[in-house]
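Between the sequences and the hints, there should be enough to build the whole structure, so can you do that?
2 protein chains.
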Amino acid sequence: MSAVKTIGIAGTGVIGAGWAARFMFRGLDVVAFDPAPDAETRMREAIENAWPAMQKLTDGPEARPGTLTFASSASEMAAQADFVQEAAPEREDLKTALFKKIDAAAKPDVIIASSSSGFLPTNLQSQCKHPERVIIGHPFNPVYLLPLVETVPGEKTAPEILDRAGAFYERMGMQVLRLHKEIEGYVCDRLQEAMWREALHVLNKNIATTGEIDDAIVYSAGLRWAIMGSFMTYHLAGGDGGMRHFISQFDPSMELPWTDLNFPKWSDELERKLVEGCEEQAGDIPVHKWAAKRDEVLVDMMRVLRQHDIGAGTVLARDEQLAFAAHDFAKWTPDAAITGPLELYNCTVRPQWVDYNGHMSESYYLWAFGEATDALFRYIGIDEAYRAGGHSFYTVESHINYLREASSGEPLHFTTQVLTIDEKRLHLFHTMHHGQSGDVLATTEQMLLHVDSNASRAVPILRDVEEALQAIALKHADLPRPEQVGRVIGA
Amino acid sequence: MSAVKTIGIAGTGVIGAGWAARFMFRGLDVVAFDPAPDAETRMREAIENAWPAMQKLTDGPEARPGTLTFASSASEMAAQADFVQEAAPEREDLKTALFKKIDAAAKPDVIIASSSSGFLPTNLQSQCKHPERVIIGHPFNPVYLLPLVETVPGEKTAPEILDRAGAFYERMGMQVLRLHKEIEGYVCDRLQEAMWREALHVLNKNIATTGEIDDAIVYSAGLRWAIMGSFMTYHLAGGDGGMRHFISQFDPSMELPWTDLNFPKWSDELERKLVEGCEEQAGDIPVHKWAAKRDEVLVDMMRVLRQHDIGAGTVLARDEQLAFAAHDFAKWTPDAAITGPLELYNCTVRPQWVDYNGHMSESYYLWAFGEATDALFRYIGIDEAYRAGGHSFYTVESHINYLREASSGEPLHFTTQVLTIDEKRLHLFHTMHHGQSGDVLATTEQMLLHVDSNASRAVPILRDVEEALQAIALKHADLPRPEQVGRVIGA
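In order, the protein sequences belong to chains H and W.
First residue of the first sequence: 1, per the working numbering; consecutive thereafter.
First residue of the second sequence: 1, per the working numbering; consecutive thereafter.
Don't take every hint at face value.
No copy is singled out in the list; a pair is fine if it fits within one copy or between any two copies.
[Said to hold, decoys possible] Derived DSS-like pairs: lysine-lysine, alpha-carbon spacing no greater than 27 Å straight-line: (1) LYS475 x LYS331; (2) LYS156 x LYS205; (3) LYS205 x LYS273; (4) LYS129 x LYS205; (5) LYS205 x LYS181; (6) LYS101 x LYS156; (7) LYS5 x LYS181; (8) LYS156 x LYS100; (9) LYS181 x LYS129; (10) LYS181 x LYS265; (11) LYS273 x LYS129; (12) LYS156 x LYS181.
Derived by calculation from the structure, the hints in this document are not laboratory data.
Quantities reported herein were computed from a predicted structural model and do not represent experimental measurements.
This is the structure:
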């Protein structure tokens with residue numbers, strides 16, 4: 001048995017092209033076959049579209065990409081392959097006939113895996129001379145991103161083939177769910193299919209539209225399912241008693257008509273598998289710690305969704321806008337009493353700001369200083385309207401001194417000193433303090449240039465903002481000059 | 001009708017406390033009632049646990065937190081409330097009796113909302129004198145994070161009550177799914193319940209364990225459900241033909257036994273609602289653009305999950321480790337030919353590095369420079385083992401010059417010059433170039449201190465690494481000194 005270097009792919013639609021992208025990104029060559037006339041053009045286009053997403057996903061070094069060639073028949077493809085991944089249309093007769101051809105042409109130790117969403121491998125392997133190397137290797141769209149692959153043996157599949165296929169898929173960056181017994185739809189599609197059919201029932205009963213039914217998932221349960229399935233979700237809903245408590249609490253509702261699908265007949269055996277299974281999943285970690293972990297992940301996921309203005313992230317953005325609108329921010333006025341550095345911004349160190357040493361990463365010091373600058377902008381009247389008018393400050397130079405470390409959750413307090421201000425430039429100094437002890441954690445001296453952001457060139461600061469900055473600078477001229485101002489590194 | 005300032009909450013378990021946290025975080029006062037002896041202690045603890053997650057979620061300014069007081073009866077609670085949210089145990093008789101009490105004590109225009117997961121509001125309002133103000137307001141755990149609330153009217157509910165309740169929940173940062181017709185389980189729980197019952201069938205048939213069944217969701221469909229429901233998922237699976245094509249393609253599988261739940265009886269009317277609903281959801285955006293958006297969000301979600309070492313993120317981390325292990329990184333050797341600055345790191349500008357102006361944010365320049373430093377570390381032999389031995393370099397000072405902007409997707413190329421090296425300090429200079437034009441985008445001069453990371457104090461650089469750095473510094477002494485070295489801001 002030789003190392004897997006060349007993958008044969010039969011069928012080059014969304015799934016076949018997705019597989020090819022995943023394999024080629026990891027340096028394997030692909031030989032593809034598809035009888036459609038425009039198959040090659042479409043497949044190359046799909047792989048090209050998938051590539052940047054795979055690049056963005058990983059921080060690892062990139063392998064030299066594998067090559068893509070096209071074969072003129074399934075047999076020619078199979079003869080060249082060290083591993084065959086079938087991704088033909090979802091028709092059992094078609095797939096069974098295709099497996100017969102691939103099996104006849106492939107070296108006898110080459111694994112032949114079907115991407116079928118639900119057919120029994122026993123049927124697919126039924127016409128093969130070497131049925132023992134036929135399995136299901138069921139991926140999920142987009143195949144180049146989602147890690148799950150379900151492997152399923154038919155009656156004649158050799159167990160060592162599942163071992164080899166599992167090891168191969170893991171090298172391809174996947175998570176292998178190895179079934180020991182075949183069933184139509186395998187596991188994931190049975191779950192998806194139940195929800196899909198129930199969604200159709202709800203639609204059919206005129207309870208809600210497709211958009212409303214999708215919303216019911218996207219803004220609630222869907223966020224949890226990205227990190228835990230039904231069993232762990234309900235284990236957590238049971239509080240410290242977990243699934244055992246959940247069952248006792250919800251026992252009556254099991255008989256309620258809350259879906260068109262009935263419960264399986266309850267038995268002690270089922271209850272044992274359910275409770276013991278959840279307890280094994282949870283391991284030594286008590287439910288309240290799982291809940292805290294879930295919250296941490298949900299928070300960061302929702303923040304990512306906000307960046308993309310989608311689903312729960314859009315709701316979050318709207319919520320923040322309401323909070324900003326309702327908040328009474330300090331605003332500079334000509335009679336503002338300025339007796340020391342400005343104190344306009346506080347925050348806490350976020351978990352995602354912390355590096356492998358458990359300390360706030362250097363780039364996030366700068367991120368937080370940027371927030372302090374935004375707070376100064378709000379104070380002097382640079383708001384959305386100012387920016388929408390095409391004016392903005394760009395930082396052209398920053399000097400940072402890192403004095404002490406900060407850990408996740410610690411409170412930060414910022415003070416800001418305006419050093420000088422001229423027609424187009426703002427020279428300022430921020431100090432980051434520990435919010436409780438007041439210790440100085442870091443400082444930054446920065447030069448900002450006022451620009452016309454459409455033309456990307458320096459232009460004079462607008463009058464009201466300049467007036468505010470001049471007035472603050474005049475008061476701040478009386479303050480001691482921070483020792484870090486004007487520093488030369490290593491001097 | 002007065003402004004809502006005080007919320008009455010009946011039942012202070014996971015759901016009631018979650019509601020209280022959401023309301024108090026937004027400045028509303030809560031009056032709670034729960035007959036359990038330790039209710040107040042537990043509720044205060046739950047709110048305290050929820051608080052940091054809410055703080056981390058938002059970038060908006062925080063309101064002054066609302067207060068929490070306890071009433072000694074449901075009537076006393078209801079009499080003080082401008083809005084009542086019931087969250088008692090899920091028993092219909094108990095809830096119906098409780099609604100009767102609350103209704104008798106509350107001002108007649110006060111909305112009374114039940115957190116029930118599935119009971120019919122017509123039943124809950126049946127004993128009330130003012131049934132028109134009774135609705136379902138069904139939230140999802142954790143209530144202080146997940147935005148969905150389903151509002152459902154009973155037969156006697158007044159429509160304007162749903163308007164008012166919807167506006168209130170939106171002010172509480174929620175997404176309102178307003179049903180116009182009651183049904184057991186409403187929408188979301190019917191979908192969840194179908195999947196849960198199917199999961200129990202799979203468990204009962206000994207196909208997979210609870211952990212495996214959960215894995216089937218977490219590593220695949222669950223990631224998608226955080227951003228799109230079943231309908232949009234399958235609309236995208238239909239390619240540019242959307243749901244219309246998807247149905248024609250999967251028509252045969254609709255009859256397949258892929259779950260224990262049957263399809264609703266197919267009709268032209270159902271098909272029309274399905275296809276037109278999906279097309280309305282997709283709007284003017286073609287399927288391939290939706291797919292690109294889905295990919296962008298999936299990538300960023302998976303990167304967040306990697307930070308938390310959970311689900312698909314754990315698979316991604318393992319995949320990256322494999323890539324690092326397989327990659328042939330340049331390593332310094334005593335006979336390395338060093339004729340110019342080191343060229344050890346390239347990357348592309350990630351979408352999440354870009355600010356509202358469409359340009360790479362200042363803090364991410366520093367982040368990328370940090371990656372270039374890590375590449376230098378790998379080159380000179382500072383690896384996981386070195387760090388595990390308790391040695392590391394900390395940056396103590398950075399000076400950055402921003403020369404040009406960079407946009408999402410642009411390639412970056414870094415060059416690195418070692419300026420000086422002494423027993424404990426490394427003085428270096430990175431230049432960030434555009435990967436194609438070679439234009440200089442930014443520079444940084446940095447001073448790094450070698451530390452014992454357990455004791456957090458400076459210690460001498462270990463011999464092999466020092467040897468490599470000295471050899472590089474000796475060669476780099478012949479290079480021209482970059483003009484940005486030793487700069488004073490504003491000088």
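Evaluated hints:
no. : hint            : in the structure
1   : LYS475 x LYS331 : within (16 Å within a copy, 54 Å between copies)
2   : LYS156 x LYS205 : between (44 Å within a copy, 21 Å between copies)
3   : LYS205 x LYS273 : between (35 Å within a copy, 11 Å between copies)
4   : LYS129 x LYS205 : neither (50 Å within a copy, 31 Å between copies)
5   : LYS205 x LYS181 : between (36 Å within a copy, 10 Å between copies)
6   : LYS101 x LYS156 : within (18 Å within a copy, 66 Å between copies)
7   : LYS5 x LYS181   : neither (29 Å within a copy, 58 Å between copies)
8   : LYS156 x LYS100 : within (14 Å within a copy, 64 Å between copies)
9   : LYS181 x LYS129 : within (22 Å within a copy, 58 Å between copies)
10  : LYS181 x LYS265 : within (21 Å within a copy, 31 Å between copies)
11  : LYS273 x LYS129 : neither (39 Å within a copy, 47 Å between copies)
12  : LYS156 x LYS181 : within (12 Å within a copy, 52 Å between copies)
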